[in-house]
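Q: The chain contents come next:
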Amino acid sequence: MPVHNLKPGVSLNERAIESLEFIRTTMARSAPFTAVPGRGGMAMGAVAIVAAALGAREQDDWRWVAVWLSAAVVAVPLGLLAMRWKARRYGIALWSAAGRRFAQGFVPAVVAGAILSAALALTGRFDLVPATWLLLYGAGVLAGSTASVPVLAWLGAAFMALGVAALLTGTGWRDLWLGAGFGGLQIAFGIIIARKHGG
Amino acid sequence: MAGKRASAARATHAPVARPDPRTSPATRAAQLDRLVHDRTRLAIVSALAVNESLSFTELRATTGTTDGNLSVHARKLEEAGYITCTKGYDGRLPKTEFTLTDGGRRALQKYLDHMEAIIRHARPARR
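Listed in order, the protein sequences are those of chains A and B.
Position 34 of the first sequence, counted from 1, bears residue number 34 in the working numbering, the numbering being contiguous throughout.
Position 82 of the second sequence, counted from 1, bears residue number 82 in the working numbering, the numbering being contiguous throughout.
It is worth saying that the hints were derived from the structure and are not from the lab.
Be careful, since some hints might not be right.
[What the hints assert, rightly or not] Computed list of lysine-lysine pairs in DSSO-like fashion (alpha-carbon distance at most 27 Å, straight line):
#1 LYS76(B) x LYS196(A)
#2 LYS87(B) x LYS196(A)
#3 LYS110(B) x LYS95(B)
#4 LYS76(B) x LYS110(B)
#5 LYS87(B) x LYS76(B)
[To be verified] Listed next, the stretches of chain A that the computed footprint assigns to chain B, with coverage defined by at least 3 CB atoms under 8 Å from CB atoms of chain B:
#6 16 to 25
#7 30 to 38
For each residue, glycine too, the CB sits at the ideal point set by N, CA and C.
Next up, chain A with everything else stripped away, as it sits in the complex:
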């Protein structure tokens, strides 16, 4: 209804407030999640390269898992802090509609990956753990990319391709695939994201 043809009792002011709210919610609903950190991804990648080098030395499977879990304990807070830093710097709301859509795509796959990894480790199927990590992390990134920057779709697909490679090759290759994925891919795409989307 046009603003200048209002029913009695509906003020222009109320209509204007409603219009501004409508614009705000439409923008929030359709804006992509751009707080994915480029430099944070590069830092996480560097941690993974170190983990790959240390993991390759481990013969015991449980100690090998401990190396990668330690890397995750360092890398995940790094990524979250970088995301928060980027969101603050560029005035992006982390819990916007797009942020929630990103989380809804990314988190379930990562949680599924953690549960499956625990089940595989407890049944002694350590050979399947690297593929599980790469495939489900890739699936999460791919799902999250629908609410974020398009380049993430390629990152997710590349992770999944490495997951397939890890599935087809032996345990001796596991640190190479994990290093290439969580290290190489994160650094390469981190550079692209930092250049194209800031932070």
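Position chain B against the provided structure of chain A, taking the given hints into account.
A: For chain B alone, coordinates are given in the frame of chain A:
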């Protein structure tokens, strides 16, 4: 057709005046850009303001409207030079992409200024 394109081009590059704060709310409301004021068109312009481009399907999901309704409103905005429409193919499937023009961005900014001016006018002056 050529005339329409020319007028669209003029609309794209025409300067958009800011609302005069001394103007009464009723006059200001009458000055509103009716093209942008419609809810579906306002949703299209707002969604495109925060995206480089959006496909027909994405815009339909954002606006929550039907194919026919979206086509009609998008065409009106395109004729005014507020948005551009690029038709192509994604594999074998036809794909339509919409982008907000500079003129469309200015029209949205002017609309926002109008709304803010109306709200400011309604508030009691603070000392």
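Q: Now tell me if each hint is right for this structure.
A: Evaluated hints:
1. For the suggested pair LYS76(B) and LYS196(A), the alpha carbons sit about 33 Å apart, so the restraint of at most 27 Å is broken.
2. Simply put, LYS87(B) and LYS196(A) have alpha-carbon atoms about 26 Å apart, close enough for the 27 Å limit, and the pair holds.
3. With a C-alpha separation of about 31 Å, the suggested pairing of LYS110(B) with LYS95(B) is violated against the 27 Å cut-off.
4. Between LYS76(B) and LYS110(B) the alpha-carbon distance is near 18 Å, which keeps this suggested pair within the 27 Å criterion.
5. A C-alpha spacing of about 17 Å is found between LYS87(B) and LYS76(B), which places the hinted pair at or below 27 Å, so the restraint holds.
6. Proximity of the segment 16 to 25 of chain A to chain B, defined as three or more residues with a beta carbon under 8 Å from a beta carbon of that chain, is established by the 6 residues found.
7. Counting residues of the segment 30 to 38 of chain A whose CB lies closer than 8 Å to any CB of chain B gives 3, which reaches the minimum of 3, so the coverage claim holds.
Consistency note: the structure conflicts with the earlier hints numbered 1 and 3.
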